[in-house]
Amino acid sequence: MDNENKPSAAARRQFLADTARMACGVGLLGLGVGLYARHAKALPPAAIRPPGALPETEFSAACIRCGLCVRDCPFDILHLAKPEEPVSTGTPYFVARQLPCEMCEDIPCVKACPTGALDHSLKDINKSKMGLAVLVDQETCLNFLGLRCDICYRVCPVIDKAITLDRQVNVRTGRHTHFIPVVHSDHCTGCGKCEKACPTEVASIKVFPLYMAKGQLSSHYRLGWVEKEKAGGSLVAPDVEHRYNMPEGMKYESGKGLSPSAPADAAPGSAPGSTSGLPRAFQGGKL
Amino acid sequence: MNATLKTSDTRPGVEAIAAKGWLAAHKWLILRRSSQIGILLLFLVGPWFGLWIVKGNLNFSYTLSFLPLTDPFIILQSLLARQAPEKLALIGVTIVVLFYLLVGGRSYCSWVCPVNPLTDFAYWLRVRLGLKGSAHISRPTRYWMLGMTLVAAAVTGSIAWEMVNPVSMMHRGLIFGLGLAWAVLLAVFLFDLFVMRHGWCGHLCPVGAFYSLIGRYSLTRIKLPARAACNDCMDCFAVCPEPQVIRPALKAIAGTPPVILEANCTNCGRCIDVCSKDVFAFGTRFNTTVAPVTGVPQTAPK
Chain A
1 MDNENKPSAA ARRQFLADTA RMACGVGLLG LGVGLYARHA KALPPAAIRP
51 PGALPETEFS AACIRCGLCV RDCPFDILHL AKPEEPVSTG TPYFVARQLP
101 CEMCEDIPCV KACPTGALDH SLKDINKSKM GLAVLVDQET CLNFLGLRCD
151 ICYRVCPVID KAITLDRQVN VRTGRHTHFI PVVHSDHCTG CGKCEKACPT
201 EVASIKVFPL YMAKGQLSSH YRLGWVEKEK AGGSLVAPDV EHRYNMPEGM
251 KYESGKGLSP SAPADAAPGS APGSTSGLPR AFQGGKL
Chain B
1001 MNATLKTSDT RPGVEAIAAK GWLAAHKWLI LRRSSQIGIL LLFLVGPWFG
1051 LWIVKGNLNF SYTLSFLPLT DPFIILQSLL ARQAPEKLAL IGVTIVVLFY
1101 LLVGGRSYCS WVCPVNPLTD FAYWLRVRLG LKGSAHISRP TRYWMLGMTL
1151 VAAAVTGSIA WEMVNPVSMM HRGLIFGLGL AWAVLLAVFL FDLFVMRHGW
1201 CGHLCPVGAF YSLIGRYSLT RIKLPARAAC NDCMDCFAVC PEPQVIRPAL
1251 KAIAGTPPVI LEANCTNCGR CIDVCSKDVF AFGTRFNTTV APVTGVPQTA
1301 PK
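Quick note, the sequences are listed as chains A and B, same order.
Note that the numbering used here has the first sequence beginning at 1, numbered continuously upward.
Note that the numbering used here has the second sequence beginning at 1001, numbered continuously upward.
Okay, chain A solo, but in the shape it has when bound:
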């Protein structure tokens, strides 16, 4: 300790105090920045990322906020979030109700991205999943009210695949048909054209982020009809043909009632040693 090269105790204390001050101050700031960034990861539902955008958690790490996608969008649909907007500062998004994605075939926004925040493996715009259209309000949807509005169906770039019109009886009138717009998630790209075009004061069909719009079945669920198609036939054992338990030597015919049966054609179930047709409980001569 009495080494000349070593700093004095006072200097050391000063150094430690300064360091602690700096670390705490910067740490506090860092905490604020971190929490702010955490919050911003909850993208508001109306903000839609460009085509091919990674899931939000990865996107906020991969997007370097350069705005090249904004520049290369030929329709000027994308914009970069300003600090006061509830989207990560500087990241690109669009609002479908204002201007929906025009779904360019060559996807220039994705090509422009230098980091892969917009996935370059997306080559077919029809495969993009910017979000999912949801007919959020059946009470205001004109087709649900019995009109032939059909606008969402007509403007859909993936017409007849992403939105179909399913016919249902209009129970109110008893003689008309409801043409119900149904969105199919396997084809909907989330471009937002339907939301933009919806004529109701507030859109009755809206595009939501996939994680909000899409449910998920439990992994062990199987759809019987799908499994049947895959297997090429029913996977359930065929029903056992019903057999009556008749008095010996008798048969039953609908409309005729009981009558003596021909001895040779006695019901197989009644033949001794052949009980396979009987329910298990009735086997073993317990009748």
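The set of hints was computed from the structure by calculation and includes no laboratory data.
Given the structure is predicted, the values throughout are model-derived calculations rather than measurements.
The beta-carbon is built from N, C-alpha and C at its ideal position, and this holds for glycine as well.
Hints may be right or wrong, so weigh each one.
[Claimed, not checked] What the simulated footprint calls covered on chain A by chain B, stretch by stretch (three residues with Cβ under 8 Å from a Cβ of chain B suffice, anywhere in the stretch; the number is not a length):
(1) 60 to 73
(2) 80 to 94
[As the list claims (entries may be wrong)] Label pairs and their calculated CB-CB ranges:
(3) LEU1098/B <-> GLU105/A: 23 to 29 Å
(4) PHE1121/B <-> ALA9/A: 28 to 34 Å
(5) GLY1046/B <-> GLU84/A: 21 to 27 Å
Given the coordinates of chain A, work out where chain B should sit on it, guided by the hints.
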């Protein structure tokens, strides 16, 4: 205090203007402002006039669909947030790192960054208004800030610092629309003006801290071949945004060669401008020889 002295004689650069003329005493300042404005204009003629020379912003820019330039600091944060960039961004990083290794890491701060004119203006006004006193935060705090941004990226898994970074906020804002970013910039300006001398750029900015790491190994330096001619007018210290970098090289402390090797010298060249004795000049880190000055001892007085 003598009023005439105060207004006419003590402002840094007066001697240099008398000795070299106004233009020579502002040469690097003018070049630097031209560079800052020019770079900004290159980005702005696209959105303003549809002349797309440069697209993007300082985080990543694409010049004439040929030259990619990427900010290595943001890519580092992206990597720590566990996302690897594409080839184009990596080429851009390589070019930028090599460029700043050549011209000096913190040249970014004084020749490119849009916040620099803002904080320079704050400092100019601070001197003009005679505002004394300054909060004390040590200059290495910027490295803590740098560490904080990197930890924040790793912990949150996002480029968290970009949410609040005044540097990219200003540049992006000027090109893509400012929004409320003006409030952040005003805060930086007022902080530099009233709270702390050279507060943001000289003590806190993690972007500058990052570029100083490149500057540690960069080639272009301020050399002082004529340091023996120094007449201790202190003008260089008065104008330097990082005055602590000058003393070792100027005063040959502990045998320091006559070249400023400190990582935080921003290569702004203001010291060259304001020195009436032409002590300073741009050179390389290998310019370690002292020019012989007749009649003046080469070792500086202790």
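Hint check:
Counting residues of the segment 60 to 73 of chain A whose C-beta lies closer than 8 Å to any C-beta of chain B gives 12; at least three are required, and the coverage claim holds. For the segment 80 to 94 of chain A, the assignment as covered by chain B holds, since 8 residues bring a beta-carbon within under 8 Å of that chain's beta-carbons and 3 suffice. With their beta carbons about 38 Å apart, LEU1098/B and GLU105/A fall outside the hinted range of 23 to 29 Å. At about 43 Å, the CB distance of PHE1121/B to ALA9/A disagrees with the hint of 28 to 34 Å.
For GLY1046/B paired with GLU84/A, a C-beta distance near 24 Å keeps the hint of 21 to 27 Å intact.
The structure fails hints 3, 4 (numbered hints given earlier, in ascending order).
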